[in-house]
Structures are given as structure tokens and as C-alpha cells.
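Q: In order, the protein sequences belong to chains Y and F.
When the letters of the first sequence are read in order and numbered with numbering that gives the first Met the number 0, they come out as residues 0 to 351.
When the letters of the second sequence are read in order and numbered with numbering that gives the first Met the number 0, they come out as residues 0 to 161.
Take the hints with a grain of salt, since some may be wrong.
Said to hold, decoys possible - Over the 10 Å line for every Cβ pair with chain F, so calculated as not near, a few chain Y residues:
hint, residue
1, Ala59
2, Tyr97
3, Asp233
4, Gly324
5, Gln325
As the list claims (entries may be wrong) - Once the Cα atoms are required to be at most 35 Å apart in a straight line, the calculated DSBU-like pairs of lysine-lysine come out as:
hint, chain 1, residue 1, chain 2, residue 2
6, F, Lys72, F, Lys47
7, Y, Lys178, Y, Lys16
8, Y, Lys254, Y, Lys178
9, F, Lys36, F, Lys145
10, F, Lys72, F, Lys36
11, F, Lys30, Y, Lys16
12, F, Lys142, F, Lys30
13, F, Lys47, Y, Lys16
14, Y, Lys16, F, Lys36
15, Y, Lys16, F, Lys41
16, Y, Lys16, Y, Lys265
17, Y, Lys254, Y, Lys198
Treat the hints as calculated values from the structure; they're not laboratory data.
In this text the structure is predicted, and so the values were computed from the model without any measurement.
All residues carry an ideal CB built from backbone N, CA and C; glycine is no exception.
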Amino acid sequence: MRDIAVVATAQSPAIRKEERRNEVEILMPVVHELRERAGLTQRDIGFTVSGSCDYLQGQAFAFVTALDAIGPWPPIDESHVEMDGAWALYEAWMRLQYGDIDTALVYSFGKSSPGDIRRILSLQLDPYYLSPLWPDPVAMAALQARALLESDGVSERDLAEVVARARRNAKDNPNAQLKGDVDVDALLKEPTYLSPLRKHDCPPITDGAAAVILAAGDRAREITDRPAWIRGIDHRIEPHSLGVRDLTDSPSTRKAGEHAGVANGKVDLAELHAPFSHQEIILKRALGLGDDVNVNPSGGALGSNPVMVAGMLRIIEAAQRIMDGQADRAVAHATSGPALQQNLVAVLEGDS
Amino acid sequence: MAEHAEGTIVERPIRLDYDYTAGLAQSRFLKGIAQGKIIGEKCPVCGKVYVGSRGSCPTDGVATEGEIEVPAKGTLTTFCVVNVQFAGQSVEVPYASGYILCDGADIALMGLIQEVPIEEVRMGLRVEAVWADELGPTMNSIKYWKPTGEPDADYETFKQHL
Chain Y
0 MRDIAVVATA
10 QSPAIRKEER
20 RNEVEILMPV
30 VHELRERAGL
40 TQRDIGFTVS
50 GSCDYLQGQA
60 FAFVTALDAI
70 GPWPPIDESH
80 VEMDGAWALY
90 EAWMRLQYGD
100 IDTALVYSFG
110 KSSPGDIRRI
120 LSLQLDPYYL
130 SPLWPDPVAM
140 AALQARALLE
150 SDGVSERDLA
160 EVVARARRNA
170 KDNPNAQLKG
180 DVDVDALLKE
190 PTYLSPLRKH
200 DCPPITDGAA
210 AVILAAGDRA
220 REITDRPAWI
230 RGIDHRIEPH
240 SLGVRDLTDS
250 PSTRKAGEHA
260 GVANGKVDLA
270 ELHAPFSHQE
280 IILKRALGLG
290 DDVNVNPSGG
300 ALGSNPVMVA
310 GMLRIIEAAQ
320 RIMDGQADRA
330 VAHATSGPAL
340 QQNLVAVLEG
350 DS
Chain F
0 MAEHAEGTIV
10 ERPIRLDYDY
20 TAGLAQSRFL
30 KGIAQGKIIG
40 EKCPVCGKVY
50 VGSRGSCPTD
60 GVATEGEIEV
70 PAKGTLTTFC
80 VVNVQFAGQS
90 VEVPYASGYI
100 LCDGADIALM
110 GLIQEVPIEE
120 VRMGLRVEAV
130 WADELGPTMN
140 SIKYWKPTGE
150 PDADYETFKQ
160 HL
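Pulled out of the complex, with its shape left as it was, chain F reads as follows (with noise of 0.2 Å):
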């Protein structure tokens, strides 16, 4: 390593550990998940339903409100193909990951896609959650979303969530 040899090398690894605080609004999401419901909350100033919520609207910067259960069925908005395999994935590529955009609610959730073949995959798809065996606070609870067979939406009804 002769080009090396002028200068010196300073390895410094850095690790830093942090408690996560979710905070009120996304534990009571989390709750839900745990017990196999998806619940969103509302704005009161210009009424979207957010799931995943955290604890404010942020386009009207004010508190969300009530807990609104919305149906674990909806409808893909926008998808992507991973080809690349790359380190700690778990799942075969090609594989597809999207938005679902669950009946209700006025943002999406992001999800594995399986069930259906690939080049089947499409805007507008109608699918529901596949959940897992042991449900928890986490999103590993949705182990995927599938086809549910319907007719695809409309795409008048999900533009404005893309």
C-alpha cells in the first residue's frame, strides 16, 4: 500500500442508540395494527383521513382527531419493480412494492405486492392485506397485500393520492 504510506488512515467508528418515541397519535395506529385493524385519524380543518398519522395534519398544522377504523382493502396508486438484489432483503426479486391507498383514508401505505404475477401489477389495482400469523405493533404485521379480484378503480379516484 506505497500510496499510502504518506498519509494516515483515522478509522473512527461511530454508533449512537436512541429510544423511539412514536408519540401519541402513531401508538395508537401501531395499537391497531396490533390487533389486526388500520386505524386513521381525521383532520378537523380540512377533513383527510391520515393513517399512519403522526399526531397532526401537516397541511393545516393542527392536532388529528377520533379513531377511524378503515377497511385493511384498497387500492394500489403507484408501484415499483425491484430488480436489484442487494444486502438484508427479504424477499426473491423481482418482487413489487407500493402505495395502497386503503378505502377511507386520504394517504397511502406502503406494501409488498404477492399473489399475482409481476407483469399483472398496475395502478389501480384492488387488493387487501394478507396478515401475519403474529400480529404486534409493527407494519411486519401485514405480511402483503394481494388481489382481491375486483375490478380495477377508477383512476379519477385515486389521482390526487399519487
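Pulled out of the complex, with its shape left as it was, chain Y reads as follows (with noise of 0.2 Å):
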């Protein structure tokens, strides 16, 4: 395996409704910005990659028309996936590893207000038994945290406490959308929007963009002087029924961690893609994280929720916490579909 690096991040502040800009204009900066940090022109990278959802904007070929942020001329050699940027980064990280080019960037772009993004989420559901039921993801969320309230010693309080902290954390992203002090006993007054959830437990709705640059061995130590090494990353599935599946636990973030090798040594911190409060918990617990672990230090997903980005940021977020410095070794989680469907896991290193 070829050693390869998160070597630059971008990120958009995390808006509630972007009114003025399209996709590509919200995008376009955020590729310039990254591009400059890292010192390379689109020329100088081997491979680009997205991740991104054409329902969210409403649009035919919308991931396609997003090119127009890059400057795709002379012709790149470029891809798309209708996932999260994590999925893109696996990508790109795949094709790093074929060891012909040194350099990919991975974007990721969502506006989740255009549509009703509850509907147009549903529609990812199988086409027979669900999706003609419309459950939505808010929906499907609910029953999976009074599965786990009733499961075993998780409380409501419990939940509280992981809004609490990430409104807490989130104070010190400048971009994140939900951010401050709460109480948690205030949060536990509140009534509940779909039982036995409250709002606060589910994620905002969020416009925004995020873009990294990876790089392979030595050209990522010339890009700058502390790579973030990816040092594993793999991905899982659930069963795609809901109703075969423990909902009170993750074995696909199990399996995923367990290759990524997520226990190979202490975590510093931990970005987990838990887009509900409960499911941080039911995340922790599949990774093994114990409590001198810092999770999401930047808010996470209760924090700012760009749909098809939100994933990625948790790379980034963990990421450049290393690149600048703060953490020597942490993990990054990064979820899809309904109620933790899909699983990705990277465990990230700085040299020592």
C-alpha cells in the first residue's frame, strides 16, 4: 500500500438556505481556496473526484455542470459518486494507490434547502416495501433511538448531553450553523418533535461545499510539512431492510473500524458522522471509543449538516486537527442513508 495524505482542506461556512448563489458559485471559491493552500493548479492534479446527489438540486447531470467550478480544460481525468465526499475520497484514495499519479482532489457540494430534503431522502429507500410509505429519514432516526432508549441504559438525558457538548464544541468552528451553550436540563424541557426526539437532536438543514487534496509518499511532504497520513480506511453496508437489522447497534462501523485499525493505537479525537444525537452513541460504542476520546470537537452534524458533504467535513475536520497540529492519530467517521446505513471509517496519523 502506497502511504497517502490528506494534505489540504477547504470548507464553505455552513449556511441554512443559500439564496443567492448557485451550487457552482458556492463551490467555485472553496476549489480556488483549497488549490492555493496546497501551492497546485488543476494541471498539477493526477485525478479529481465528487461526491454529490442530483436530487438535491433537482437537476439532470447537475454533478456535471459542478465541473464548471474546476476548469476541466485541458480535458482531467475526472469522476463522480452519487455519495457523500467520504465516498469520494475512498475513490480517490483507490486510484492514488495504482501508484501512476502523486495527487487527487476530492469535492463535495450539497444545497439541501432547494427541495424538501425529508422527500427527496426518502427516495433512496427500495422502491416496493418503504419508499411507497415515505418514511423519512427524520422518521426512520425516531425508531431507531426508541430502539436504543429501550434497549439498554441510554437515556434521554444522555442524548441531551451529546447536543450540549456538540453546541458547545461547535463555538469554536467559525463554520459551523448551530453553536453555544446550552442546558442540558433546558434541552430535556423541551417538547419532542418526532418522538423521542426532539429538534435539537436532529441535524440543521445546510447549504455548503467542502474540497481536500490527497497526495501519495513524498509529493505530500513537499505540499506541506505535516501530512495528515491515511493510514486505513474502509467502508461497510447494513442489510438494506430496515426491519432485519439491530437498529440499537452498527456492525458495519464495527467491521469498517476493525479494518481501518481504528485500535491500533490511542485516538486523540474523533469525528462521527451522527447526524441524530442517539446515533453518536450507537457509534462510539461500534468504534470502541472510550471517554478520554474527543468526539467531534467541531460540532459534527448536529452542528452543520451540507447533505453529501457533511461526511467529508468529519475527514477534513479530523484531518486538518492534525495537520495543524493538535492530534497525532484520529478517527473520522462518515455515514450514508437511513438510520447509519452505510459506513466509512479512516484513521488519520501525524508523523511522530
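Put the two chains together into one complex; each comes in its own frame, and the hints tell you how they fit.
A: This is the structure we're talking about:
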């Protein structure tokens, strides 16, 4: 395996509803800032790949239009996944393993505000048994939260504590949407929104974009003093039918974590893609993370949740803290689909 | 319907509604159209003038700049004659639809070609916009394009824009 690292990151601020700029106009300054940070032009980049979903924009081939932000001339080697940018990053990591190129640019964008994001995400369900009932992501997360609360020692207070810490951590994140000091007791007095979830247990609606440059070996060291090396990366999926899953556990996250090597060393921090508060508890357990691990120092997806970007943002937030010298070893996790359907885990390390 | 007796058909109507954001550049273009003007924007790298710019030069990936008004007059670069009637059609067949390259622009606009017999519609035909009585931020503000009567444009002048 080649050593591959995150060498530069960039992201737009999280915005509830971007009414002036279109997707290209949001993405373009992010990509420009990213390439400037890495000191690279598009010609220096061996492979470009994006993660996004045309349904968010309601326009066929919206992902092709997004290339207008990149400058794909002379023709570039380029790909796209109809998934969160974290999976585009996985493709870039695979592409770099071939060994013929040393750099890759990964970008991701999504405006969740133009359509009804809950209805849109319902359409990713199986078309025969689930989708005709239009269960939306909040409803399915509520089923999962109920199962968790009734399974063992997890209480509604535990969920509120996740939210309070996320809001507090987000205070240090200039790009976060929801931040501040909130009192756990006050949160528990809020009415339920979709029982047992309260509004604050659910992610905000967010428009945004983010981008990453990956580089291999010595090229990574040329670009930055302290690359965030991807020591392991793996992704796994649960059975398609919600009915055959134990919603209180995430075996796919556990397996991905084992293959990525989460337990091979001390974890300084973890960025977990948990759009709903109770999911952070499930993920923390599945990855075997103890209370000494700093979870979601960025505020996580409860602080800002640009759909299709929020998973890659976890890798960005973890990698950037390694590049800045705040951490030596970090875990990043991304999820896709209803109730933690599919999960990706990466382990990142700085040079010791 | 005996052949369906053993199966079940699930009908699942799906409708999604969106608030469309044209974006900064396209909003400037559409506001121009509402005033009877065609506003282009220029790529600072390659110098191409885009009409209906979506905010970036798709070749260079940089923001387009400036508000450059181009005349509502240009050259028909290519066209198609529609002979087939379909639902929702607003014009009687046969009619010609084509790409109009406004003078000074580097990308063509699509439009109807009228006030000319179908068999006389040709590449290089010089045309001008016929504006609607009421203008708005929509391409319906241009009813159609008609011949100006000028001599045809030389193929060399528009061959890069096909």
C-alpha cells in the first residue's frame, strides 16, 4: 500500500439557505482556496472526483455542471460518486494506489434547502416495501432512537448531553451553523418533535461545499510540513431492509473500524458523522471509543449538516487538526443512507 | 386483465418541488432580459464572452466578470426543423429552432426562427430578436428571432461556435 495523506482542506461556511449563489458559485471559491493552500493548479492534479446528489438540486446531470467550478481544460481525469464526498475520497485513495499519479482533488457540494430534503431522502429507500410509505430520515432515526432508549442504559439525558457538547464544541468552529452554551435540563424540557427525538436531536438543514487534496508519499511532504496520513480506510454496508437490522448497533461501522485499524493505537479525537444525537452513542460503542476520546470537536453534523458534504467534513475536521498539530491520531467516520445504513471509517495520523 | 392476476401493481406518484436559485451571474443576465438587454460576462483568462453565464467559465473554472451588453442581433449557427407534434407545443409545426450567436458573444442562445419560410432557414442567416410586449426575467421575453435582411455571415466567422 502507498502512503497517502490529506494535504489541504477547504470548506464553505454552513448556511441555512443560500438564496443568491448557485451550486457552482458556492463551490468555486472553495476549490480555488484549496488549490491555493496546496500551491497546486488544476494541471498539477492527477485525478479529480466529486460526491454529490442530483436530487438535491432537482436537475439531471447537476454533478457535470459542477465541473464548471473546477476548470476541466485541458481535459482532466475525472469521476463522480452519487454519494457523500467521503466515498469520493475513498475512490481517490484507491486511484492513488495505482501508483501512476501522486495527487488527487476531491470535492463535494450540496444545497439541502431548495427542495424538501426529507422527501428527497425518502426516495433512496427500496422502491417496493419502504419508499411507497414515504418514511423520511427523521422518522427512521426516531425508530432507531426509540429502539436504543428501550434496549439498555441509554436515557434521553444522554442524548441531550450529546447535543449540549456538540453546541459547545461548535463555538470554536467558524463554519458551524448551530453553536452556543445550552443547558441539558433546558433541552430536556423542550417538546418532542418526532418522539423520542426533540428538534435539537436532529441535524439542521444546511447548504455548503468542501474540498480536499490527497497526495502520496514524498509529494505529500513537499506540499505540507505535516500531512495527515490515511493509515486505514474501509467502508461497509448494513442489509437493505431496516426490519432485519438491529438498529441499536452498527456492525458495519464496527467492521470498518476493525479493518481501518482504529484499535491499533491511542485515539486523540474522533469526528463521527452522527446527524442525530443518539447515533453518536451507537457509533462510539461500535468503534470502541472510550470517554478519553475527544468526540466531534467541530460540533459535528448536529452543528451543520450539508447533505453529501457532512461525511467528508468529518475527514476534513479530523485531518485539519492533525495538520495543525493539535492531534497525532484521529478517527473519521462518514455515514450514508437511513439510520446509519452505510459507514466509512478512516484512521489518520501525523508524523511522530 | 387475467395476465395481471398473479401480480400486484403498486402505483407510486412522486412529486418533488424545488426553489430554484439562478445564482448571481444568471440573475444579472435575467434582469437584463427583463429590460430588453442581453448581458454577457467575460472570462478573465480566455476572454470568452458568455451570455447566460452561470457564474464561471466552464473551461477555466474562474468567475466570469463584468456586465457586457451584446446586441440582440446575431448569426444563426445551426438549427433544426421540428415536424413532429408533441404535447404542450406552443408553436405550429413545422417550425425552426436554432442557436443564435449574438454579435460579440462566444456562446449561442437557443430560440425560434420565424418570419421566414422554413426552406429558407440556413446556417449563417443573420437574425434579430423580436421582443414580447411584456418583458420579464424569463427567456419568454424573446418571442422569436427574425431575419435582418443582411447578407449571410461567412462560415469562417462562426465555425468555432457550432
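Q: Against each hint, give a clear statement of whether it holds in the structure.
A: Do the hints match the structure? See the list:
With 10 Å as the threshold on Cβ separation, the claim that alanine 59 (chain Y) sits away from chain F holds: the shortest Cβ distance comes to roughly 13 Å. For tyrosine 97 (chain Y), the shortest C-beta to C-beta distance to chain F comes to about 25 Å, beyond the 10 Å cut-off, and the non-interface label holds. Under the 10 Å C-beta cut-off, the non-interface status given to aspartate 233 (chain Y) relative to chain F holds; the minimum distance is some 33 Å. Every Cβ of chain F is farther than 10 Å from the Cβ of glycine 324 (chain Y); the closest lies at roughly 32 Å, confirming the non-interface assignment.
With a minimum CB-CB distance of about 32 Å to chain F, glutamine 325 (chain Y) clears the 10 Å threshold, and the non-interface call stands. A distance of roughly 18 Å separates the Cα atoms of lysine 72 (chain F) and lysine 47 (chain F); the hinted pair therefore holds under the 35 Å criterion. Distance restraint check for lysine 178 (chain Y) and lysine 16 (chain Y): the Cα-Cα separation of roughly 17 Å lies within the 35 Å cut-off, and the hinted pair is therefore satisfied. Among the hinted pairs, lysine 254 (chain Y) with lysine 178 (chain Y) is consistent with the structure: their alpha-carbon atoms are about 32 Å apart, no more than 35 Å.
This hinted pair checks out: lysine 36 (chain F) and lysine 145 (chain F) have alpha carbons roughly 17 Å apart, not beyond 35 Å. Distance check on the hinted pair: lysine 72 (chain F) and lysine 36 (chain F) sit about 11 Å apart at the alpha-carbon level, within 35 Å; holds. Restraint check: the Cα-Cα separation between lysine 30 (chain F) and lysine 16 (chain Y) comes to about 22 Å, which is no more than 35 Å; the hinted pair holds. A C-alpha spacing of about 17 Å is found between lysine 142 (chain F) and lysine 30 (chain F), which places the hinted pair at or below 35 Å, so the restraint holds.
Our distance criterion of 35 Å between C-alpha atoms is met by lysine 47 (chain F) and lysine 16 (chain Y), whose separation comes to about 32 Å. Between lysine 16 (chain Y) and lysine 36 (chain F) the alpha-carbon distance is near 30 Å, which keeps this suggested pair within the 35 Å criterion. For a cut-off of 35 Å, the pair hint linking lysine 16 (chain Y) to lysine 41 (chain F) stands: about 28 Å separates their Cα positions. Between lysine 16 (chain Y) and lysine 265 (chain Y) the CA atoms are separated by roughly 39 Å; this puts the pair beyond 35 Å, and the hint is violated.
In summary, the hint linking lysine 254 (chain Y) to lysine 198 (chain Y) is supported, as the alpha carbons are separated by about 31 Å, within the 35 Å threshold.
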